[in-house]
Structures are given as C-alpha cells and as structure tokens.
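Here the protein sequences come in this chain order: A and B.
For the first sequence, counting from 1, position 29 maps to 21 in my numbering; every step adds exactly one.
For the second sequence, counting from 1, position 139 maps to 131 in my numbering; every step adds exactly one.
No lab work stands behind these hints: they were computed from the structure.
Be aware that a few hints might be false.
[Stated by the list, open to error] Pairwise CB distance ranges (calculated):
id	chain 1	residue 1	chain 2	residue 2	range
1	B	Ala188	A	Glu34	29 to 39 Å
2	A	Gln310	B	Pro18	20 to 30 Å
3	B	Pro151	A	Asp189	42 to 52 Å
4	B	Gln31	A	Arg(-5)	30 to 40 Å
5	B	Met(-7)	A	Lys32	37 to 47 Å
Where a beta carbon is used, it is the ideal one built from N, C-alpha and C, also for glycine.
Residue-level listing of the chains:
2 protein chains.
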Amino acid sequence: MKRIGKQTVRLSEGVTILSAASTVGPKEAEGPLGKYFDQKTEDSFFGEKSWELAESKFVEKNMRLAVQKANLKSEDIDYILCGDLLNQCTGSTFGIKNLDIPFFGLFGACSTMGESMSLGAMLIDGGFANHVLTGASSHFCAAEKQFRFPLPLGTQRPPTSTWTVTGDGAVVLARKGDGPKIVEITTGKIVDMGVADVNNMGAAMAPAAAALLKAHFEDTGRTPQDYDAIATGDLGTIGRELVVELLGKEGYLLDNRYTDCGIEIFDAEKQDTHAGGSGCACSAVTFCAYFYPKLLSGKIEKMLFIPTGALMSTTSSQQGQSIPGIAHGLVIEGCRKGAEEC
Amino acid sequence: MKRIGKQTVRLSEGVTILSAASTVGPKEAEGPLGKYFDQKTEDSFFGEKSWELAESKFVEKNMRLAVQKANLKSEDIDYILCGDLLNQCTGSTFGIKNLDIPFFGLFGACSTMGESMSLGAMLIDGGFANHVLTGASSHFCAAEKQFRFPLPLGTQRPPTSTWTVTGDGAVVLARKGDGPKIVEITTGKIVDMGVADVNNMGAAMAPAAAALLKAHFEDTGRTPQDYDAIATGDLGTIGRELVVELLGKEGYLLDNRYTDCGIEIFDAEKQDTHAGGSGCACSAVTFCAYFYPKLLSGKIEKMLFIPTGALMSTTSSQQGQSIPGIAHGLVIEGCRKGAEEC
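With these hints in hand, go ahead and build the complete structure from the sequences.
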C-alpha cells in the first residue's frame, strides 16, 4: 500500500511530467506571465463562432501541443483526463473528441488540474498506463455568460470578484523519462463553511485549501518550510490572506514562498482584475508556463501545487445553497541544478 | 504493466464489489425491477424543496447505505468517486459533502457508473486504497427541467425519447473480501457520428457502445458468447437494435444474452416510457439491484457491463453541435454456484 496518511499517498517510483503546454487568450498574454505561454490568441473567439467553441479550440490546440512537446503522438497516449467549467464539461468533450484517446471526464471545477494530474499519476504508478495526458480549461466570456451576467450588459464587478482565465493548460505524464516528478498526492474532501457569495470565490474556497494544507502537513509530518514553493489554484489576494490566517491558527507559518496562481497571472491594478485570476485554466496555465520551467531548471526543487475549486452551479446558488470548496494537492520534485538527468 | 490492448487493462488481483445499494423514485419502484431496489421514495421531491436537492438526498442516503451494507463506516473509505447530469454536478457535490471522504468528481454523463467503477478499481489495484465508494445519480424532473422543457408544460414526448431514471446506485469496491470481482476494464473513446437529435439519445450513444464492444473483443480475443450477460447503460430499444446491427457488421453476434439497462428498468408499454430508461442512475441502479445479486449468487458467472453516455449540453445543442457519445466497459466475474467463498 502506498498510503502515508488518511488523505495522502506516495507513488512508488514518481511519475515524470514529460511536457507542459499552455495556450491563453489576449488578456493573459498581456499579463505578467505573458512571455512564458506557448501559444497566445489575439481574440477570445479564436476564429470560432461562439466562446464555447473557442474554449474547445484552446483545449484541442493545447492538448496536441503538449503531446508534441513530449515527442509523442496521439496514439502513444493511454488515457486523457480533463475537465472544465461549462455545463456538462463540453469545453473538454468537443476539444478532445478528435484525439482518439480513451477518455475519463472530470468535474472538479477549478481544482480540475490537480484532480487530473492526481488520477493520471496514479493510473501510471498503478501500472495501467505509460503515458497520460491531463489538463483543464476555462474561458472568461463563456464563464461570465453562464455563471453571472451577459457580457454586453457591462455589469460592474465587485472588488472581491476574480477574473476567469481564458486558456488551457496540459501536461503529459509518463512512467519513464527525464523531468520533474510527481511523488505524493493529497486528495481533498469537500469543505463548506457556508459562504454563498458568488462574487467572493476566494473566501468560498480558502477553507478547503487550508484543510488540504493541514491534512498534507499532518500526513507527511512536514511544514511549509520544507517546500521551495507552495501555490494554490485561484484564491486570489483575499483567499490567500484567509489561508495564511487559517494555517497560522493551526501553527503553520505560510511565508512568501506561498503564492496563489490567481495572484501571479494578472497585474490586478493595471489589468483591473480585482482579487485576481480564477477558473480551471488559472492554475493549469500558471503551472505549465511559470512553475514547470522552474522545476525543470532546478530553481524549484520541491513544490506543493494545490488547485482549488468552487463546486456550485447557478441553480444551487439561485436556490440559496452555499458554495462547497475542494482542493487537490500534489508534491512535485524538480530537477537538481546541474544534474545531467532528472 | 497491466495493459492487454489499446483500451483494456487486466487488474492484477481483481477488485471485490463488496456491496451495492440502490435508492429510486416512485416510477422506478412501480417498474419490473421494483422489488429489487433497497430504498424507494413515494414522491420525487423526497421531502426537499427542489428536485435538485432531492437528487442530492438520493445520493447521500444511498451512498451511506452502500457503506453500511459493506459493514464499514465512512472513515473506512479512502476515496469517493461519483457524478451526475446536473450542471456542475451539484447532485453529487451536495449529496456527498457531509460524508467527509476524499473526493474525485467525475463527468461522464450517463456512463458515469462505468467511469467511477473503472477508476475506483484501478485506484485499489494500483495500491492507493483499500476501499473506494463509487456511484452515479440522476433525477427525471431535474433533468427534464434542465435539458428539455419545464415539466408543467406537459410537452409531448417523441417515441424515440427515453425516460431519465430517478435514483442513485452505489458500490463499495475493496482490495479484499468476498463478492463479485472486477477483473478487466475497457475504457471508451469519444465517438461522434453526427447525431444531433436530443430526443434520440439511444441513436447518439449506440456507435460509442458498439465501438467499445469491438475494442473489447479485439483486445481480449473474446466474442459475445464468452459472457453470460452483456448490459449497456441506457440505449433503450432503439439504441440496442443499432448496437446489434453495428456489431453484426463487425462479425459479432449479440444474441439475447445482450440487454440494455434502459430496457430492463421500465415496462415501456405500461409505463409510457417510449424507448426506455436513461440517465446516470439507469445503469447504476439496474446494476446494483438486478445484476449484482445474480453475480453474487452465481447465476451470472461472467458479465460485461457497459454504461453509456451522451456528452452534450443545452448550449452545445442550441449551437447546432452533434452529440458525442462514450461508453466504459467492465468485466465482472460472479461467485461460483455453491462456492463457500467468492
């Protein structure tokens, strides 16, 4: 058995992240991480007739790029695992339907990148696959239209709101090969503290992120200081502050090695994104474009990556329900500086 | 490596289905399988204020029952994997949020029971868990309201339409213990033959089911006659006929040992369900209530269970997209008649 605690497992060999690809929209391209993304589009329709079809195009283009960057072909991939925010996850379905790969569809809201990498790594470590393609996508316009207001209304956004990232992030996981390695997985439980404000997702998800961190530290006996970097998914500035406070109460000091992908991806002031970035693609593209290269070069030797998700729908919110949160954690070891192999 | 073909893996030890539980609504209770279900409700609201909350109650009550029937407690379960048809899978989220179990949310539309059992079995066989709880749910009223027309309109249903099953089916999978065993898993690819009629889901999903069967027979070198029972998920009469025809063209004879859960669950003529039952719960509750006891008693020694899903949303349909289908197959071995252990 590979379990090292109630919520954590240690992989027997470590699963290599063979490649990572990111494809984003224009706003992301203009942000602080702009230069790191593999593919950028000039318009959010990406040449399609609808935002939903545009999201699927982000998925398809980016998934194919991830496979190409791993020097593989579609037929070398044993499983594909991905998901998104659209109703019935059609962003993923229509994006990957021409890839001709056995498919497990996921719904983890914005925690999907963590969920897909967790399950993908376990499928490989369990002996079921050599290569697994995993990813997550979101689209600002499609998400606003579906979850909030029609964009042409120009509705004012409250300061606690976050900006859904447009794009797709994907990685190829492999049994063998050089690259950063997934070594442990801490799987989240649903945490619902009763937050019902759909314009404050950071606050809704923060307790789930804090619970995941606590569980991870208890399962492994480590502290935040054992990591070079800890990154949650899309809590933004408000959510990050809450996590720091909640963990402080548990006796864990989250210092400046802890960031949130939603803080990294936009320049909140210049880009008018309020509390930060969000959406499934937020942690997915930030991991692929920003953290993966640092793991590859050895700048980061040990990272805790924790995509976070808010598991609500317009129906549940309209019926007065709160917003349950979830978070999925992965420990990823980078290559050692100067090492010939990794 | 446990792979025995492009889409099929063989588990190293076989994963036991320790218990199976089913909870259904009034129409299902009145159908031909009525006497087999564990829990039946008299009204489709199940004492809740909305159909969506009712669906979550089906999930919670039934998941707890599955754990109880396995003589386990919630804290003995390492992971829970489930999903449903509601936007952002809130049927599952609100149903399991109080169970306090690490959670992987799935979206496989009506193939979800197959997807959850596949991933759950691989997590156990891969050494990551001792017990996994998997399931799927749907609710006729919530699904009609979301996907088609408000129920009070009394819209006439075309003869090709199917009736979404109200209920939840769940199993506890285990590394050890007596009971029927999952021994092989064939994972489906998305198949899209261009069917766009949301009132003919059987036709939309049949090509995916046929492709899965063909892939399974090719990977294993078997024929339909190697099984005592083959059951697809929710194709109904029209979809079943198409599958028989498509497989016939490939040289495989699907005789009367092949049925579809959507045909078994309702008496189409008496219950006015047209082409049959559908929804995530269709294959889930039919497996748990009808097939599982036959596997347990040895009446069925070898079964191929293939939940089927239509991966569309109202948005994709309104934008003129076709309905991509998927199917997930599991080979389950029953207990031998008269054997003391299984």
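Do the hints match the structure? See the list:
| no. | hint | result |
| --- | --- | --- |
| 1 | Ala188/B <-> Glu34/A: 29 to 39 Å | holds (31 Å) |
| 2 | Gln310/A <-> Pro18/B: 20 to 30 Å | holds (26 Å) |
| 3 | Pro151/B <-> Asp189/A: 42 to 52 Å | holds (46 Å) |
| 4 | Gln31/B <-> Arg(-5)/A: 30 to 40 Å | holds (32 Å) |
| 5 | Met(-7)/B <-> Lys32/A: 37 to 47 Å | holds (38 Å) |
Of the hints listed earlier, there is not a single one the structure fails to meet.
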